[in-house]
Structure formats: C-alpha cells, structure tokens
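Novice: Those protein sequence lines, which keep their order, are chains C, G, L, B and Y.
Counted the way the numbering used here counts, the first sequence spans residues 14 to 234.
Counted the way the numbering used here counts, the second sequence spans residues 14 to 234.
Counted the way the numbering used here counts, the third sequence spans residues 12 to 257.
Counted the way the numbering used here counts, the fourth sequence spans residues 337 to 560.
Counted the way the numbering used here counts, the fifth sequence spans residues 337 to 560.
Derived from the structure by calculation, the hints contain no laboratory data.
Remember, predicted model here, so these are calculated numbers, not experimental data.
Glycine included, each C-beta is placed from N, C-alpha and C at the ideal position.
Check each hint, because a few of them may be wrong.
[Claimed, not checked] Here are the in silico distance ranges between beta carbons for each label pair:
(1) L:H93 / Y:H425: 28 to 38 Å
(2) B:K511 / Y:A518: 24 to 34 Å
(3) L:W126 / G:S15: 53 to 63 Å
(4) Y:G515 / B:A398: 34 to 44 Å
(5) B:P408 / G:L116: 48 to 58 Å
(6) C:L218 / B:A398: 32 to 42 Å
(7) C:L144 / G:S15: 54 to 64 Å
(8) B:D452 / C:L116: 21 to 31 Å
(9) Y:A457 / C:A216: 54 to 64 Å
[Stated by the list, open to error] Residues from chain Y that keep clear of chain L, each with C-beta distances beyond 10 Å, as calculated:
(10) L368
(11) P408
(12) D411
(13) H425
(14) P431
(15) Q456
(16) E460
(17) R507
(18) A508
(19) G515
(20) A518
Each chain, letter by letter, is given below.
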Amino acid sequence: MSRMIEIVRRDLRLALRQGSDSVMVVTFFVLTVVLFPFGIGPEANILERTSAGVLWVTALLASMLSLDRLFQADYEDGSLELLALTPTALEVLVLGKVAAHWLTTGLPLMVAAPVLAVLLHMNADGFGTLLLTMLLGTPTLSLIGAMGAALVLGARRGGVLLSLLVLPLYVPVLIFGVGAIDAAVQGLPSQAHLLILGGMLLASLALTPWAAAAALRQALE
Amino acid sequence: MSRMIEIVRRDLRLALRQGSDSVMVVTFFVLTVVLFPFGIGPEANILERTSAGVLWVTALLASMLSLDRLFQADYEDGSLELLALTPTALEVLVLGKVAAHWLTTGLPLMVAAPVLAVLLHMNADGFGTLLLTMLLGTPTLSLIGAMGAALVLGARRGGVLLSLLVLPLYVPVLIFGVGAIDAAVQGLPSQAHLLILGGMLLASLALTPWAAAAALRQALE
Amino acid sequence: MHRFANPARFLRLAAVILPWTAIATVLLLGAGLYLGLIASPADYQQGETVRIMYVHVPSAWLGMACYSTMAFASAVALIWKHPLADLVGKSAAPIGAGFTFVCLVTGSLWGRPMWGTWWAWDARLTSMLILLFLYLGYMALINAFDDPTRGARAAAILALAGAVNIPIIKFSVDWWNTLHQPASVTKFGMPSVDPAMLVPLLLMGLGFTTFFVTVLLLRVRSEIIAAKIRAIRLTQIHASSSQVAG
Amino acid sequence: MTDDIPTATFSAENLACVRGERVVFAQMDFRLSSGEAVLLLGPNGSGKSSLLRLLAGLLKPASGHLLWDGTPVLDDREAHAARIHYVGHHDAIKPVLSVLENLRFWARLHDPKSGDATAQAALETMGLWRLAEVPGKLLSAGQKRRLNLARLLAAPAPVWLLDEPTVALDRASVKVLEGVMAEHRAAGGMVVLSTHADVDLPGAREMHLDDYTPAPMDVSEVWI
Amino acid sequence: MTDDIPTATFSAENLACVRGERVVFAQMDFRLSSGEAVLLLGPNGSGKSSLLRLLAGLLKPASGHLLWDGTPVLDDREAHAARIHYVGHHDAIKPVLSVLENLRFWARLHDPKSGDATAQAALETMGLWRLAEVPGKLLSAGQKRRLNLARLLAAPAPVWLLDEPTVALDRASVKVLEGVMAEHRAAGGMVVLSTHADVDLPGAREMHLDDYTPAPMDVSEVWI
Ligand code: HEM
Ligand SMILES: Nc1ncnc2c1ncn2[C@@H]1O[C@H](COP(=O)(O)OP(=O)(O)OP(=O)(O)O)[C@@H](O)[C@H]1O
Ligand SMILES: Nc1ncnc2c1ncn2[C@@H]1O[C@H](COP(=O)(O)OP(=O)(O)OP(=O)(O)O)[C@@H](O)[C@H]1O
Ligand SMILES: [Mg+2]
Ligand SMILES: [Mg+2]
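Turn these sequences into a full structure, and let the hints guide you.
Specialist: Okay, structure coming up:
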C-alpha cells in the first residue's frame with residue numbers, strides 16, 4: 014500500500030517535471046472545447062445540443078492518447094523490471110500507475126468540464142450529471158487503457174493494436190456518458206445510464222489490473 | 014536527397030511495425046467523427062453546420078498529439094546523435110521526418126476526410142475546398158509541430174510546453190481552414206482564405222526546418 | 012570567448028544611463044498623458060474613446076519593438092555566443108509581453124464601440140495575439156531546462172523563427188483589407204493626423220520607449236548577478252564530484 | 337546494514353532457458369549459500385543476462401525449479417523479490433528526478449521503512465553525495481551506473497544479481513564496488529555477477545555459460 | 337575498405353569544454369595524424385565523452401578550434417561528418433527493425449552508395465550475420481554493441497571516435513575490434529578511444545582527461 018503511494022507520488026512528480034503526455038492532453042482538452050466555437054460558429058443552440066458530445070468525445074481522446082506511454086517509458090529505461098521485482102503484487106503497482114494517470118488526466122478533466130460546459134452553453138440541469146458521468150467514466154477509461162497499454166508493450170505492432178483493442182471498450186462509456194447527460198438535460202431520469210457506467214467501473218476495477226500485471230510480466234520475459 | 018528518402022522509409026517502417034501514435038491518432042480521428050452523431054444526435058442540419066469545424070478541430074488534435082514523440086524516441090536511443098552526424102544538412106533530415114509524419118497523419122486524414130464529410134452531411138460544394146484546405150493545412154501543422162517538438166526536446170514539462178508553443182500557431186490554420194470551407198459551402202469565394210493558408214505553408218516550409226535543425230543541435234549539446 | 016566575456020563594462024555603462032532614462036520616462040509620460048487625456052480635443056467621429064489611442068498605439072509599437080530587440084539579441088547570442096545577448100533577450104520578453112497585452116486589451120476595449128465587437132479574427136488582431144503567445148512561449152521555454160544556457164539557445168531559436176510575425180503585424184493592414192485601420196502616423200511621407208493628437212501620441216511613444224530601456228537595464232543587471240551566484244554554486248557542487256568516496 | 341541475514345541456500349536443478357523459441361542453456365545446476373559468490377562468464381549471447389533474469393524471477397525456466405532453502409521461489413514472488421537486488425543493463429534513472437529522488441524512490445519501494453540516512457550513506461559510499469541534487473540527465477555514464485549500484489546499499493537484501501555491474505565504472509569505482517561486495521558477503525550475503533572484464537571476487541565459483549549451450553544448435557543459430 | 341585515405345591531420349589547440357555552465361576541461365591541445373590513435377583515460381565525469389562529442393562536432397568548444405589539415409571543421413559540418421564515425425554510450429538500435437535493416441539504414445545514411453555486400457561483410461566480421469534477420473529487441477547487450485560497431489565497417493570513414501566501445505563485449509569480440517582498429521590504422525585511419533578497461537591499441541598516445549580539469553574555485557573564469 015505504502016508502495017502504491019510511492020508510485021503515485023513518483024508518477025505525479027514526473028508528470029509535473031517533464032509534462033507527461035497526459036498534462037498536455039488536458040491543456041488540449043480545454044483548448045479543443047475553446048476552439049470549438051470558432052470551428053462551428055457561436056450559435057448558442059447548436060453549441061448546446063453538441064456540448065455533451067463534444068465534452069465526452071474530447072475527454073475520451075484526452076485519456077486515450079496519453080495511454081500508450083503509460084508503461085512505455087518505464088519499459089525502455091529498465092524501471093519496469095525493477096517495479097516487477099518489488100516485494101508487492103504487481104497488480105497493486107499497476108493500480109498505483111493507473112491512479113496517477115487518472116489524477117493527471119481524469120481529475121483535471123472533471124475540474125475543467127463544468128467551466129467548459131458553460132462555454133458550450135450546456136443547460137445547467139446537466140452539470141450534476143456531467144460531473145457524475147465523468148467521475149464514473151474517466152477512471153474506467155484509465156483502467157481499460159492501462160490494460161491495453163500493458164498488452165501492447167511486448168507486441169510488435171504496438172499502437173495500432175492498442176487502439177483496435179481499446180477503442181471498442183471505450184465506446185460504451187462514451188455512449189452511456191452522453192446518454193445520461195442528454196437525459197438529464199431533457200429532464201428525463203438518467204439513473205439507468207449511470208448505473209451501467211458504475212457497473213463498467215467496478216468490472217474494470219476488478220479485471221484490468223490483473224490482466225495488465227499479467228501482460229507486463231509477459232512483456233518482461 | 015537519397016538520404017532524406019532513407020529517413021522517410023525508415024520512419025514509415027517504424028510507424029507500421031510498432032504503430033506510432035500517429036496511426037492511433039488517425040484511427041481516433043475517424044472514430045471521433047463517426048461517434049460524433051452519437052454525441053450531438055443525428056439531426057442533419059446541425060451536423061452540416063458543424064461538420065467543417067469538427068473535421069478541422071479533430072485534424073488539428075490528431076496531428077498535434079502525435080508530435081511529442083517525433084524526435085523523442087530518436088533522442089532517447091541515441092539515433093538523433095547519429096542523424097546529426099550524417100553528411101547532409103540536418104535541415105534535410107528534418108524535412109524527411111516531417112514528411113514521414115505527414116504521411117502517417119496528414120495524408121490519412123485527407124483520405125478519410127471526404128468520407129467523414131459525407132457522414133457529417135457536409136454540403137457537397139464544400140468537398141473540393143475541404144480537400145484543398147487539408148492539402149495546404151496539414152503539412153503546415155506537421156512543419157510547425159516539428160519545430161515545436163525539436164525545441165522542447167529535453168525540456169521539463171515538454172508536453173505542456175509543446176502545446177503552448179504549437180497551438181497558437183495552429184489556431185490560424187484552423188480558423189482559415191474552416192473559414193474557407195464555410196465560405197465555399199455558402200457559395201462565397203474562398204480564395205482569400207486559401208491564399209493565406211498557402212502563404213502559411215510556404216512560410217513554415219522556409220522557416221521551420223531551419224529552426225528545428227538548430228534546436229536539435231542544441232538538444233544534443 | 013563565452014567564459015571570458017566580462018559583464019563589468021556593461022554594469023558600469025548601465026549605472027551611467029539608468030538615472031537619465033528614468034527621469035526622461037517620468038517627464039515624457041507625464042506630459043503625454045496630460046496632453047493626451049486633457050489638453051487634446053475629442054475625435055469628431057470617435058468621441059472620447061479616441062483617447063484610448065494614446066495608450067493603445069504606443070503599446071502596440073513597443074510590443075513589436077521589444078520583440079525586434081529580442082530577436083536581434085537572439086541572433087547575436089546564437090552567432091557570437093555573447094552571454095550578454097542571452098540575458099538581454101531573457102529580460103526583454105516579459106516587458107514586451109506586457110506591452111502586447113495592453114495593446115490587445117485596449118484594442119478590444121476600443122473595438123467594442125468602434126466595430127461593435129470585442130474581437131474578430133482579423134489579420135492584424137490574430138497576428139498580434141500570436142505575438143503575445145510567442146512571448147509566453149519564449150518565457151516558458153527559456154525556463155524549461157535544467158541547463159540555463161540550453162534554455163537560452165532554444166528560446167533564441169524560437170524568437171528568431173517568430174520574427175516573421177513582426178512584418179505580418181505591421182503590413183497585414185495593407186496586404187489584406189482588415190477591420191483594423193491602416194498606418195496613418197507611421198506612414199511614409201507626411202503623417203495624416205492632426206498635430207493636436209500627433210504630439211501627445213509621439214510623446215507617449217517616446218515615454219514608453221525610455222520606460223522600456225530603464226526596466227531592461229534593471230533586469231539585465233539582476234540577471235548578471237543571478238548568473239554569477241549560480242556559477243559559484245555549480246563549481247562548488249561539482250568541485251570533487253568526479254572522485255569516488257571523497 | 338546486512339548483518340541480520342540468516343544462512344540460507346539458493347539453488348536450482350536442471351535449469352533450462354528458452355528465449356525467442358531457442359534454447360539458450362539447459363541442464364544447468366546451480367547452488368549458492370550465504371557468503372558465497374558466483375561469477376558468470378561466457379561469450380555474448382551465451383545466456384548470462386538470461387540466467388540472472390531467471391534467478392530474479394523475471395523469466396520462467398523452461399524446465400527445472402528455483403529453490404530457496406528447498407522451497408520453490410515462484411510459489412511466493414513477493415518473498416523472493418524482497419530477497420533480491422537486480423542490477424541489469426539499464427540504469428532505470430529518470431532524467432528529471434534528482435540523484436537523491438531517484439535513489440530514494442527505489443529504496444522506499446524495496447523497503448518502505450528505509451530512511452534518508454541509508455540513502456545518504458549509499459550515495460556517499462558511491463561518491464555521489466555531492467551530486468545529490470543534480471538531475472539524472474546530467475550524469476555521466478559512470479555516474480549513472482554508480483547511482484544504480486547505490487540501490488544495493490540503500491535497502492538491504494541478501495541476494496545481489498549483478499549483470500556486468502562494472503560497465504562504465506572507472507577503476508576507483510570498481511574497487512569501491514569490490515569492497516562493498518566483500519562486506520556484503522562477509523555479512524552473509526550472496527552475489528551472482530556476470531562480467532567480461534576482470535572483477536576481483538575472492539573465492540567466487542566460476543560458471544562458463546557456454547558449457548551449458550545445448551550441443552545440436554550452436555549459439556549463433558537462431559530460429560526466428 | 338579504407339585504403340584510399342590520404343594522410344591528413346586532425347588537430348586542436350587550447351580546447352575548452354563547458355557543460356551545464358561548468359568547465360569540464362580547458363587548455364587542451366590535441367593532434368592526430370593518419371594511422372595514429374589516442375587513448376582517453378580518466379575517472380568518471382572527467383570529460384572523455386565530452387571530448388569525443390566535441391571532436392565529432394556535436395558539442396561546440398567554449399574556446400579553441402578543431403582543425404582538419406589546418407582548416408576549421410565547423411566551417412563545413414557535412415564534410416566533417418563524412419570524415420567521422422562516432423560510437424557513443426547509446427546503441428541507436430530500433431527494436432522493431434532487423435539487425436540488417438538497422439545496419440543498412442545507418443550505412444546508407446552515411447554513404448548512399450554503400451551496398452548490401454559491405455553490410456553483410458561487416459556483420460560477418462562482427463559475427464552477427466547469422467542474426468541478420470533477428471529484430472533488434474532480441475539482441476543481447478553485447479550483440480547490440482557489436483551491431484553498433486558494425487557501422488564502422490559498413491561505410492568507410494577515416495576518423496573513428498569510440499566511447500567505451502568494449503563495453504558489454506566478450507573477450508573474443510574485443511580481440512576482433514582490436515584487429516579491425518589495427519587494420520583501419522594500417523590503411524591510414526585514425527582512432528580516438530575512451531575506455532576504463534584495457535584495450536590493446538599499439539603505439540597509441542594516452543591522454544589523461546583529469547590532467548585538464550581546471551582548479552575548482554575560479555569564479556571569474558566560470559562566469560557564463
Ligand atoms: C484587439 C484589437 C486590436 C489590436 C490587436 C490592435 C493592434 C494594433 C497594432 C499592432 C498597431 C500598431 C500598428 C503599426 O505600428 O503599424 C495598432 C495601431 C493602431 N490601432 Fe489598433 N489594434 C486593435 C484594435 C484597434 C481599434 C478597435 C482601433 C480603433 C478603431 C485601433 C486603432 C489603431 C490606430 C489608430 C493605430 C495607429 C495606426 C498608425 O497610425 O500606425 N486599433 N493596433
Ligand atoms: N548533458 C549534460 N549537460 C550538462 N553537464 C553534463 C552533461 N553530460 C555530462 N555532464 C557533466 O559533464 C562532466 C563530464 O561528463 P562526461 O560524460 O564527459 O564524463 P566521462 O569522462 O565520459 O565519464 P564516464 O567515464 O562516466 O563516461 C560530468 O561531470 C557530467 O556531470
Ligand atoms: N528478449 C529476448 N527475446 C528473445 N531472445 C532473446 C531476448 N534477449 C536475448 N535473447 C537471446 O538470448 C540469448 C542470450 O541472451 P543474453 O542477453 O542472456 O546473453 P548474454 O550472455 O547476457 O550476452 P551479453 O554478454 O552480450 O550480455 C542471445 O542469443 C539473445 O539473442
Ligand atoms: Mg547480458
Ligand atoms: Mg562517458
């Protein structure tokens with residue numbers, strides 16, 4: 014446990030010092046959404062209709078594109094070997110890295126989201142749900158992504174494989190995330206969507222660390 | 014010259030074998046646009062209004078997110094030193110890498126664009142201009158990006174820095190790109206925008222390789 | 012030459028110049044503001060808002076002038092490796108960013124009544140905004156490296172590459188028909204502005220310039236001292252780093 | 337710092353290692369008790385690194401078992417990890433972290449209780465204390481290697497698996513390392529070390545990896 | 337392969353090198369003619385790699401000039417690049433490219449006319465021809481290093497700048513390298529080699545880098 018915290022602290026420090034892709038991706042999330050009005054013109058009603066989609070698509074992109082470097086750097090400089098040789102279950106360390114990744118992507122996205130929602134003229138009724146979906150969705154994205162990143166490490170056609178592997182898993186998160194918000198905006202109940210999102214989070218929380226750890230051991234052989 | 018081609022061939026091969034981020038980024042580009050209707054609902058008119066913006070914003074993100082690995086990998090494994098020590102102007106080699114980057118991001122985006130435009134119900138009058146703007150715009154993005162990537166090599170917070178350096182220079186491309194398409198869709202003349210885009214391409218073609226090469230030499234000191 | 016360059020001469024020079032520029036700044040700005048805000052007539056079509064001009068235009072000029080200084084210093088630093096040039100560039104950046112920012116703000120404040128909008132993606136406005144980002148990028152880059160010399164070089168390259176933007180800003184109004192009005196003061200030949208407006212404008216321009224020089228000298232001086240301290244510390248750190256176990 | 341290690345034995349029978357669909361070595365017996373050392377020799381590609389990774393538990397043997405005091409180590413990966421220090425070809429140094437930060441992280445990870453005192457002591461022994469605040473990217477090759485070796489001292493572990501540890505080290509540092517290893521063994525530690533250079537490891541048993549290369553396919557023959 | 341090299345001299349006067357705002361060495365004179373060799377010695381951090389990078393043109397000297405037959409090399413970077421081969425601490429091997437692809441790329445880049453024949457010859461000399469199709473990631477440390485050294489043979493160049501080239505090489509390969517270097521010098525080539533191990537370089541002039549390290553506390557000098 015204390016080891017997990019060590020890892021989180023290190024990865025955060027690294028992200029801060031060298032600006033991991035994730036930090037960039039967040040800057041980028043904000044920028045996209047800010048750019049968007051320039052792209053599609055500032056008509057409030059269009060923006061409003063598109064806001065949920067734009068936010069989620071960008072969030073998805075943000076966390077996904079920072080993923081394929083998640084283990085790569087440690088793999089290349091030999092850190093991964095040593096991590097695999099620490100007296101703890103590798104699964105725990107994976108969770109640590111995922112946590113760090115979420116803290117550097119998911120969390121900032123959540124913080125930024127409402128502000129951006131305003132910029133996009135999203136209906137205020139949606140805000141609560143927006144945050145909820147993000148809270149449930151972004152960790153799921155990080156978890157799934159971590160598994161993909163690990164699986165790809167050893168493999169030859171890395172990136173392609175990763176995207177092909179991870180995207181299909183991402184899509185449902187997007188669909189239900191947007192669904193929930195739209196429902197809320199139109200005053201319909203969004204529990205159903207939220208429950209499904211929660212379910213996905215739990216499932217990935219239980220499965221992916223194990224899968225990722227196994228994959229990493231493979232990569233080190 | 015033959016050396017430049019060597020580099021292009023190598024980078025393409027690498028991209029294919031290990032799947033550079035760029036490949037993923039393109040997959041993502043397609044995905045986003047395909048998913049977009051989910052996000053904002055399939056009302057044709059909204060989609061039509063937003064299409065140019067969506068396409069360009071995504072293209073911009075796509076090319077930008079594949080940037081920070083452009084020189085990083087070569088820098089870390091010592092290839093960059095050897096590249097700097099080849100009997101050719103480093104500028105030429107930079108152009109080679111930029112070409113490769115464009116072939117793995119810009120070109121696929123261009124190919125995909127019309128298809129996606131259809132999906133987004135873009136007015137058919139816009140297609141020609143869309144392709145033209147992409148043809149003029151995406152290489153500019155790669156060029157400017159290469160300069161940024163070279164400048165931040167070995168910097169702390171490289172990622173954020175990169176976006177800070179590059180995005181402001183990207184924005185005009187976006188603006189004029191979208192502007193041209195919207196003009197064309199509304200049947201107005203879009204030469205002015207296209208000319209500006211062309212001007213930016215020429216300017217960056219003249220400047221950025223030099224800047225990038227100089228920056229790389231610094232990075233190797 | 013790089014390690015033998017000697018700051019002493021510069022320090023002496025600065026000590027002589029500084030008081031004069033400081034005094035000049037106060038006088039010029041004082042006179043300029045008085046003439047501009049009180050003594051000069053309101054514009055017949057723009058009304059009182061015209062007075063924004065007395066801040067807007069000089070800051071625009073200085074925003075560009077600072078950048079030109081920076082680019083020139085960068086060239087010197089890259090070609091002759093003169094350490095002083097690095098420091099000049101580094102010191103000029105924040106000042107220039109300030110001027111540019113003021114120009115943008117006053118500009119868009121002025122745009123509201125004049126054009127009915129705070130902002131438009133007009134060629135000059137866009138290029139000016141990019142100038143601001145170039146400043147910010149420069150400042151971020153120069154501090155982003157553990158090895159200051161390396162940061163200075165990278166930033167210098169950026170500054171040079173960004174220099175294309177200056178002529179674009181200057182002539183964008185002539186190349187493209189923009190919202191923004193073309194040069195009237197800085198037009199070659201006779202300026203086409205009423206002296207009652209021209210005089211305070213030029214006074215403000217001079218005042219801004221002397222202000223720039225003053226602040227620049229101050230900053231460079233402190234940079235030199237900082238560099239000296241760093242050098243001492245480094246020599247100590249590495250003093251016996253290469254021998255094992257003491 | 338490694339005084340309280342009980343005598344133990346680390347052994348393996350009939351080990352075989354397959355990499356890239358190819359048998360690197362086979363029928364290898366291996367035995368190591370507290371205070372002993374093994375010197376791995378052999379041409380490039382003969383399997384020294386592979387054996388070390390195998391002993392570390394990074395590779396699974398194609399046949400045979402690793403035993404610690406008679407119990408298979410793969411039964412309890414964590415326990416085994418706690419017993420060993422592995423120094424590979426890569427230095428695992430983050431360029432943006434300072435020398436001290438780099439070391440402290442690995443020390444804490446290996447043994448959460450390890451404090452800054454031990455870290456400082458380790459750096460001093462390796463002659464890096466003066467560079468403690470310098471970022472990793474500024475280190476010379478040998479300085480990096482020394483930092484990597486400092487891990488051995490910053491958190492105690494009975495078994496040291498060292499893959500060409502003297503690479504990039506100047507002669508003085510090699511002497512330091514030899515001293516450290518002697519101390520470690522005197523305190524009951526074990527050392528397995530692969531090298532092409534000469535390392536002074538008194539009373540170490542030599543293993544020539546090429547002796548275990550299976551006859552039919554010679555080292556350079558590859559099936560990929 | 338390096339027969340047609342005319343005699344030339346590679347020299348420098350009063351070189352100084354500053355890294356990270358700190359003077360690594362100063363007042364160094366340096367002179368090398370066809371067929372000669374220089375051996376760089378000195379403790380970690382004394383500036384061996386820095387000097388080699390400086391000779392390669394990767395670093396600019398803080399003072400002094402590099403001269404080739406009396407003309408400054410920095411006047412014509414390309415020409416100088418064509419003259420040298422630099423082997424640094426990194427092996428510059430792409431894990432997903434095969435051994436042959438890796439080598440061919442660098443050979444072609446150095447000399448577009450260099451064909452597969454020379455590449456094959458180089459790999460055979462370095463004992464890697466059997467591994468030609470193996471992807472770089474499967475190579476052992478020494479095999480990687482040998483592949484890196486194969487560049488020297490795949491495309492001829494008069495000046496070889498080798499930074500600890502024997503690292504990770506087994507004794508046999510070290511012998512091969514020594515042979516290759518002798519041949520190169522016999523054909524009029526020059527070799528500058530840094531090492532901590534013993535390398536047999538007959539008649540090489542030794543330079544101890546620590547002799548050129550300036551006395552620590554002269555702030556007036558270090559002013560950047
Ligand atoms: C954010 C918006 C604006 C920006 C970024 C901006 C930028 C600039 C710049 C860069 C210059 C210097 C041109 C040169 O030296 O040749 C300038 C000059 C000037 N601007 Fe603006 N401007 C803005 C808005 C406005 C507005 C709304 C007006 C009033 C209609 C205005 C009136 C002027 C005038 C009269 C000059 C002096 C031109 C000359 O005589 O050279 N500007 N502006
Ligand atoms: N990129 C860099 N930036 C700043 N200083 C550096 C850099 N690389 C090395 N140094 C410093 O320069 C000095 C000389 O480094 P160099 O690598 O030349 O030593 P070396 O003789 O090669 O050592 P080794 O035998 O360990 O390879 C060292 O003190 C090191 O800290
Ligand atoms: N990741 C890998 N996958 C498949 N085969 C590998 C891998 N790494 C090494 N090999 C092969 O296994 C054999 C043994 O490699 P190993 O690194 O153990 O040799 P070594 O004795 O350490 O050589 P060196 O002295 O160069 O370090 C080599 O022939 C190599 O080609
Ligand atoms: Mg090995
Ligand atoms: Mg070295």
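Novice: Now tell me, hint by hint, if it's right for this structure.
Specialist: Against the structure, the hints:
Against the hinted window of 28 to 38 Å, the Cβ-Cβ separation of H93 of chain L and H425 of chain Y comes to about 32 Å, which satisfies the hint. Against the hinted window of 24 to 34 Å, the Cβ-Cβ separation of K511 of chain B and A518 of chain Y comes to about 31 Å, which satisfies the hint. Our hint of 53 to 63 Å for W126 of chain L and S15 of chain G holds, since their Cβ atoms are close to 54 Å apart. The hint said 34 to 44 Å for the Cβ distance between G515 of chain Y and A398 of chain B, and at roughly 37 Å that hint holds.
For P408 of chain B and L116 of chain G, the hinted distance range of 48 to 58 Å is satisfied, since their beta carbons lie about 52 Å from each other. Between L218 of chain C and A398 of chain B the Cβ separation comes to about 35 Å, which falls inside the hinted range of 32 to 42 Å. Range check, L144 of chain C to S15 of chain G: about 57 Å between beta-carbon atoms, so the 54 to 64 Å window is met. Evaluation of the 21 to 31 Å hint for D452 of chain B and L116 of chain C yields a pass: the beta carbon distance comes to about 25 Å.
At about 58 Å, the beta-carbon gap between A457 of chain Y and A216 of chain C stays in the expected band of 54 to 64 Å. L368 of chain Y, annotated as away from the interface, keeps every beta carbon of chain L farther than 10 Å; the closest lies near 25 Å. The claim that P408 of chain Y lies off the interface holds: its Cβ sits roughly 15 Å from the closest Cβ of chain L, which is beyond the 10 Å cut-off. Separation of D411 of chain Y from chain L is adequate, the least Cβ-Cβ distance of about 14 Å exceeding the 10 Å criterion.
With 10 Å as the threshold on Cβ separation, the claim that H425 of chain Y sits away from chain L holds: the shortest Cβ distance comes to roughly 17 Å. Non-interface call for P431 of chain Y relative to chain L: holds, since the shortest CB-CB distance, roughly 28 Å, exceeds 10 Å. The Cβ of Q456 of chain Y lies farther than 10 Å from every Cβ of chain L, with a closest approach of about 41 Å, so its non-interface assignment holds. Once the 10 Å rule is applied to beta carbons, E460 of chain Y is consistent with being away from chain L; the minimum gap is 40 Å.
Non-interface status of R507 of chain Y relative to chain L is upheld: no Cβ of that chain comes within 10 Å, the nearest being about 26 Å off. The non-interface label for A508 of chain Y is consistent with chain L: the shortest C-beta to C-beta separation is roughly 31 Å, beyond 10 Å. With a least beta-carbon separation of about 33 Å from chain L, G515 of chain Y lies farther than 10 Å from that chain, consistent with its non-interface assignment. Listed as a non-interface residue, A518 of chain Y keeps its Cβ farther than 10 Å from every Cβ of chain L; the least gap is roughly 32 Å.
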